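In the order they appear, the protein sequences are chains W and F. Counting from 1, position 209 in the first sequence corresponds to residue 209 in the numbering used here; the numbering is continuous, with no gaps. To get the numbering used here, take the position in the second sequence, counting from 1, and add 1000.
Think of the hints as simulated: they come from the structure by calculation, not from any bench. Computed from a predicted structure; not experimentally measured. Errors might be hidden in some of the hints.
Said to hold, decoys possible - Once the Cα atoms are required to be at most 20 Å apart in a straight line, the calculated SDA-like pairs of lysine to any residue come out as:
1) W/281 x F/1248
2) F/1281 x F/1328
3) F/1281 x W/172
4) W/281 x F/1127
5) W/281 x F/1190
6) W/414 x W/436
7) F/1372 x F/1426
8) F/1127 x W/172
9) W/127 x F/1039
10) W/281 x F/1278
11) F/1281 x W/278
12) F/1281 x W/297
13) W/281 x F/1427
14) F/1281 x W/127
15) W/127 x W/172
16) F/1414 x F/1375
17) F/1127 x F/1175
18) F/1281 x W/248
19) W/414 x W/431
20) F/1281 x W/275
21) F/1414 x F/1427
22) F/1281 x F/1175
23) F/1127 x F/1157
24) W/281 x F/1277
25) F/1281 x W/97
26) W/281 x F/1172
27) W/127 x F/1328
28) F/1281 x W/276
29) W/281 x F/1275
30) F/1281 x W/277
31) W/281 x F/1281
32) F/1127 x F/1326
33) F/1127 x F/1092
34) F/1414 x F/1428
35) F/1281 x F/1177
36) F/1281 x W/283
37) F/1372 x F/1424
38) F/1281 x W/280
39) W/281 x F/1039
2 protein chains.
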Amino acid sequence: MADSTRSPIGIGILGLGTIGTGTARVLIDNGELIADRIGHPLRLVAAADLDPDRDRGIDLSGCLLTTHPEQVVDHPEVAVVVELMGGTTLARELVVRALGAGKSVVTANKALLAHHGDELTRLAANKGVALRFEASVAGGIPIIKALTEGLIANRIEAVYGIVNGTCNYILTEMAATGAAFDVVLAEARRLGYAEADPTFDIEGIDAAHKVAILARLAFDTPVDFAAIPVEGIRGLETLDADFARQLGYVVKLLAIAKRAGPSIDVRVHPTMLPEGHLLAKVDGVFNAVVVRGDAVGETLYYGAGAGAMPTASAVVADIAEVATALARGDVRAADPCAHRAVVRRELLPLDEVETGFYLRFEAQDRPGVLSKISGILGAQQISLAQVRQHGRDREGTVPLVILTHRAREGSLRKALAEIEGLGVTDGAAVVIRVEQ
Amino acid sequence: MADSTRSPIGIGILGLGTIGTGTARVLIDNGELIADRIGHPLRLVAAADLDPDRDRGIDLSGCLLTTHPEQVVDHPEVAVVVELMGGTTLARELVVRALGAGKSVVTANKALLAHHGDELTRLAANKGVALRFEASVAGGIPIIKALTEGLIANRIEAVYGIVNGTCNYILTEMAATGAAFDVVLAEARRLGYAEADPTFDIEGIDAAHKVAILARLAFDTPVDFAAIPVEGIRGLETLDADFARQLGYVVKLLAIAKRAGPSIDVRVHPTMLPEGHLLAKVDGVFNAVVVRGDAVGETLYYGAGAGAMPTASAVVADIAEVATALARGDVRAADPCAHRAVVRRELLPLDEVETGFYLRFEAQDRPGVLSKISGILGAQQISLAQVRQHGRDREGTVPLVILTHRAREGSLRKALAEIEGLGVTDGAAVVIRVEQ
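Bound conformation, chain W alone:
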């Protein structure tokens, strides 16, 4: 049993939105259980929110509620600051203030970590405190812990997966119902699976934040977020999802980070996966991440990637870890990057990335067109795996679908420019990258 005579470890929450409220709820509902497991009680001391008095269905009496987040950070009884407000300006200031004051920080803020992870990690180290962020990637799935601790013995070869539930819901529904992107997006909004402004999700930026965090940990390197090639799902047509299925593939928005010699290949884009691939079966709002290590081979982690309670599960796990270390008098033991050496690895330029490609041309329906297109691809060393010419459906053009073997992106782009110059196709080709 937890020794109730010990003074509890004080927790302060910044932001009582969905996740903040979920975190408070888990701390209250499972407080005794957690105390029995870590041997020490936790206490929610203070919380800040723009609307602190709203009824959240939880008993926050005994907890200071304020609109001033500094009061939480500076509160003498708060030892662990939990940043759940989001954004990268005020959130960063407050996290820096907390770390600077020798307080440990737990955050779910992927944008903050993607942009300022290195700076904040160094600051935590300098101040001798812990910075944890399990909830920043894939919600309740303990993927950061698996990557940094469970697989610590491995040279990580790749980490990739489905890390945005909104996009996965939309892609799953498009494939299942044949409905258009805009229709499914509207439905996702109605169901609460997409935000009022879904830009960050559907443009792939949220997934890029997460892969920046994963790549940094997998390859022990800083990652320049701005340089990560990102492509969202907004342009995706139902027609291509249909063709993909006919070819035995499923389209998923993947966040990918792979070792590529001395560099790293990090990117986010819609990806065609063979329907037998484990990730092809991850449907709806769920997330799943594959980690490939040199000793362990492929492992996969699956679960709810968002939502109040799953995310709170990860936030409170981090709080418990920090509290355990605080109670043992060595809070740095709770920092997953406490000892990590850093090696600077360059991002592989997109032109040098190799994948398979799905190409759809709207091609003129006359002799010699396929021969010209395949000739240009061949000249760029791009070999074809499958070709399907579909029935005539638009004024005088037919969809010509080509699956290529692995090829350099730069070669493909050259070939496409040349093909466009031929004047035998209508508009730009649709390009979806293919991974096996």
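With the hints as your guide, set chain F onto chain W.
Showing chain F alone in chain W's frame:
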């Protein structure tokens, strides 16, 4: 970079079989990488094996090789004893000796943990050292870490999964090829997926060892291994795998631990799962474990459940954790159960367990038989979900397949005894439990 002026932390391995050799290989091949991550070098100081001089394809010069395991345990430079010899007699003595001498222990020995986990956990606590055993369940998958740390904020509702690769290989092949159990077992032996004496695997004992470990951690309780109901896959007929598939189900050997009021429901048996279930898609020698927590919902962990390198990945992760804590001067911080309070929970008697049931009777092909059988089931409050009577295939009898809704096992057993007494069926009914 790891400070190479620090004296390395000494590792001693008991047993240089497949896993021991893999562990040594990972320590050597990835030693620098691991040192860079934990900030401290590791050194393999000593190893014991019955045949220490065999060429293992790794450079063990500088490491004491001995046939006397006590020399490893007692070696003054060995701080972490890694028990990979298996068995519960000598292995137990040596682990007790190591813990008693104030050395931390890492083990992959599920039988040892299932039978003596409580005793060894207490001893480690009394001696102020760590006992870790990630590799004892599901090979390279960091499931112990996910359960005890990643999901620490959750009241665990259930943990269940495919934890024996040999059985899963056999069941996958039986379903895919229609071959009989004995044929597939022989093939599994040939491929090295089954041991020469596969009893522990195919009788479900290995899976029971693992579920005993998982249940103890999930529910913070001692588990009486001998009381766990265990049923293996030896009796399974291809006919039933076929019928299962026709009904939209897949047969898997599941290890199951569920909260059941104040008790726990722990068992191992062949289980029919709907083909859409995530575990239904886990094929071949792979393992996967589902953990359901009250906050996080369902999470799943997938990967290689056996093999030298995947298992070594988990062993070396434990070693790294202990070494990190040793280097920080607080080795107890590396014990996953260091602070856990223990509550004694009873095992739910099998008679009180509720599942669905697949029943196959070889029934006489005459009027009234189905009516009598379903009447007896109905009288025991067992309602039918599906009934299929198949074409005549054995002398005068036809396979009568019934899927029931959830019912108490005790009620089913009563009904089956009564049905057998009718004299309208040939032999005992085939019974496979069904989980949704």
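### Given pair status - residue 277 of chain W, residue 1281 of chain F, alpha carbons within 20 Å
10 Å, holds
### Query
Between residue 1127 of chain F and residue 172 of chain W, is the straight-line Cα distance small enough, at 20 Å or below?
Outside the cut-off at roughly 53 Å; violated.
### Pair hint residue 281 of chain W and residue 1275 of chain F, alpha-carbon separation not exceeding 20 Å
Between residue 281 of chain W and residue 1275 of chain F the Cα gap is close to 12 Å, so the pair holds against 20 Å.
### Message
Holds or violated: residue 1414 of chain F and residue 1375 of chain F, Cα atoms, limit 20 Å.
### Response
13 Å, holds
### Message
Would the hint linking residue 1414 of chain F and residue 1427 of chain F be met if the CA-CA limit is 20 Å?
### Response
16 Å, holds
### Task
Could you grab the alpha-carbon distance between residue 1127 of chain F and residue 1092 of chain F and see if it respects the 20 Å cut-off?
Judged against 20 Å, a Cα distance of about 16 Å means the pair holds.
### Query
Does residue 1281 of chain F pair with residue 1328 of chain F here, judged by a C-alpha cut-off of 20 Å?
Judged against 20 Å, a Cα distance of about 43 Å means the pair is violated.
### residue 281 of chain W paired with residue 1190 of chain F [C-alpha distance capped at 20 Å]
Given that 20 Å is the threshold and the Cα spacing comes to 32 Å, the pair is violated.
### Query
Can the restraint linking residue 1281 of chain F and residue 280 of chain W be considered satisfied, given a maximum Cα separation of 20 Å?
12 Å, holds
### Message
Run the distance test for residue 281 of chain W versus residue 1277 of chain F: straight-line Cα separation, threshold 20 Å.
### Response
Since the Cα atoms of residue 281 of chain W and residue 1277 of chain F sit roughly 10 Å apart, the hinted pair holds (cutoff 20 Å).
### Query
Given the proposed pairing of residue 281 of chain W with residue 1127 of chain F, does the C-alpha separation stay at or below 20 Å?
Violated, at roughly 47 Å.
### Task
With a cut-off of 20 Å on the C-alpha distance, tell me whether residue 1372 of chain F and residue 1426 of chain F pass.
15 Å, holds
Checked against the numbered hints given earlier, the structure breaks hints 2, 4, 5, 6, 8, 13, 14, 15, 17, 23, 25 and 39 and satisfies all the rest.
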